[in-house]
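Peer 1: What follows is the residue order along each chain.
Number of protein chains: 2
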Amino acid sequence: VTLANDDRPAAERRALLVHAHSEPDSFVTAMRDLARRELREAGWSVAESDLYAMGFNPILSPADFGARKNPEHLVYALEQRHGFETGTLATDISSEIEKVMAADLLVFTFPVFWFSVPAILKGWIDRVFISGPFYGGRRIYGSGGLAGKRALCAFSLGSRAHMFGSGSLHGDLEFGMLRHFLQGALGYVGLDVLEPFTAYHVPYVDEAARRDLLDRFRAHVAGLDTLPVLPMPKLEQFDATFAPLPPAE
Amino acid sequence: VTLANDDRPAAERRALLVHAHSEPDSFVTAMRDLARRELREAGWSVAESDLYAMGFNPILSPADFGARKNPEHLVYALEQRHGFETGTLATDISSEIEKVMAADLLVFTFPVFWFSVPAILKGWIDRVFISGPFYGGRRIYGSGGLAGKRALCAFSLGSRAHMFGSGSLHGDLEFGMLRHFLQGALGYVGLDVLEPFTAYHVPYVDEAARRDLLDRFRAHVAGLDTLPVLPMPKLEQFDATFAPLPPAE
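Protein chains in written order, with our numbering: chain Y, 18 to 266; chain C, 18 to 266.
Check each hint, because a few of them may be wrong.
One copy or two, it doesn't matter: identical chains are merged, so the pair holds either way.
Unchecked claim - Here are the simulated lysine to any residue pairs, SDA-like style, with alpha carbons at most 25 Å apart: (1) Lys251 with Phe192; (2) Lys251 with Gly182; (3) Lys251 with Ala265; (4) Lys86 with Asp121; (5) Lys86 with Pro41; (6) Lys86 with Ile114; (7) Lys116 with His218.
By construction, these hints were calculated from the structure, which means they are not laboratory data.
Chain Y extracted, bound-state conformation (with noise of 0.2 Å):
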């Protein structure tokens, strides 16, 4: 068995789940415990970071570095690749590390606060997504630290949806409020940004309305290998320095 863009058997593909909702009894909750069975039926083997249950600490601070290169001037990204070259940052942010970048697909499920994601899940990216691996000079976006690898993201809103697009109350969802999720963080470490799954309104739905909206982030999932790609900044529009190049003839 092989799936639409990639070569190895389905048995082969790993993906990780990020969660970011404390009550089991949550959408959110519901979300995460669709994808690991959807993705587990399609012979995935799935790894979980699920962070309220595991106490995830999301505050970068100078204890994430147990041998500084500098100890009188912290620099978190300085440090971060050193930490990373001798072996030396916080266990937790080295073993989810490890578990990034085994994965070659990282669902994320989580509510949307403030138009934005919690902040348990902010300070994941914050101490795990680190200056080295993931990210530096040239290698972002396309040439990112996780090329190659997918993210599929899945969030509940309170709003409707008339409230996000062009002319609406607040705006764009994907590329105007959660860009700074979706292409600043997710995008500029290379990961190809699969089209999110989107449920509004959710603190106030009824219990049919809640079963449709499973039933259509089920089918998401399922047809994963189909979802679009979204758009992100093209390194080679740009010159060394990234300022814009003039358009190719």
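Here the structure of chain Y is known, so what remains is to put chain C in place on it, guided by the hints.
Peer 2: Structure of chain C alone, referenced to chain Y:
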């Protein structure tokens, strides 16, 4: 003495400095120190939330609610309202809410991580900007709970200025990457968001350039009453469901 856009004497104006950097010798901490001095010299009273120094817990969780309205199923926003009304929110939240409500001006100093705020500051927003006093129903943007107060953000980036703006590598900064924070969090609760101060390329600049940046920040703070306010969505352009109304004649 009265200042431009406020009737009260400067001595009665109150600022809250919300700071998110772990290092006393960092550029961002230098900005915070400078804001404190400038504001005090101009007669402001200054309160502070130094998030790393306080060990602020950024994780919104069931532990925030001392007496649940619904012990079976947790909906964060509903429990926030209930917790506020009954005085049963966790004390580290209620004390921050009091500081925000007592302030006329919020000053945020932070390093941009992943085109957003550090997790510790994201979690301060997640836990402190509660449904009820901060927003709810049509009480958003110009009608938000903090209408009449102002916000000034000052942040550092590793990137250079030419990587932002129309046609650039990362796109617009204030209205693109940082829109979720400047509009989606600060503007959403009614704050007048002053033009932010952006310090580019900070980890790589020399001492003279660092001093120049701090001089420019000093002038930014000294002139805060004349800074432009970022445009926000206007509620009168949307109907009761927040769908766009046809433009007025």
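Peer 1: As a check of your reading, is Lys251 near Phe192 (CA-CA no more than 25 Å) within one copy, between copies, both or neither?
Peer 2: Classified as both; 16 Å inside a copy, 21 Å across copies.
Peer 1: Is it within, between, both or neither when you check Lys86 against Asp121 at 25 Å Cα-Cα?
Peer 2: neither (32 Å within a copy, 42 Å between copies)
Peer 1: Checking Lys86 and Pro41: alpha-carbon separation at most 25 Å within a copy, between copies, both or neither?
Peer 2: Result: close only across copies, 18 Å inter versus 42 Å intra.
Peer 1: Check Lys251 against Ala265 for me: Cα-Cα at most 25 Å, and say if that holds within a copy, between copies, both or neither.
Peer 2: within (13 Å within a copy, 41 Å between copies)
Peer 1: Please work out whether the CA atoms of Lys251 and Gly182 approach to 25 Å or closer within one copy, between two copies, in both situations, or in neither?
Peer 2: both (24 Å within a copy, 16 Å between copies)
Peer 1: Quick one: Lys116 to His218, C-alpha cut-off 25 Å, is that within a copy, between copies, both, or neither?
Peer 2: neither (32 Å within a copy, 31 Å between copies)
Peer 1: Is the C-alpha distance from Lys86 to Ile114 at most 25 Å within one copy, between copies, in both cases, or in neither?
Peer 2: Within one copy only: 20 Å inside a chain, 39 Å across chains, cut-off 25 Å.
Of the hints listed earlier, those the structure fails to meet are numbers 4 and 7, in rising order.
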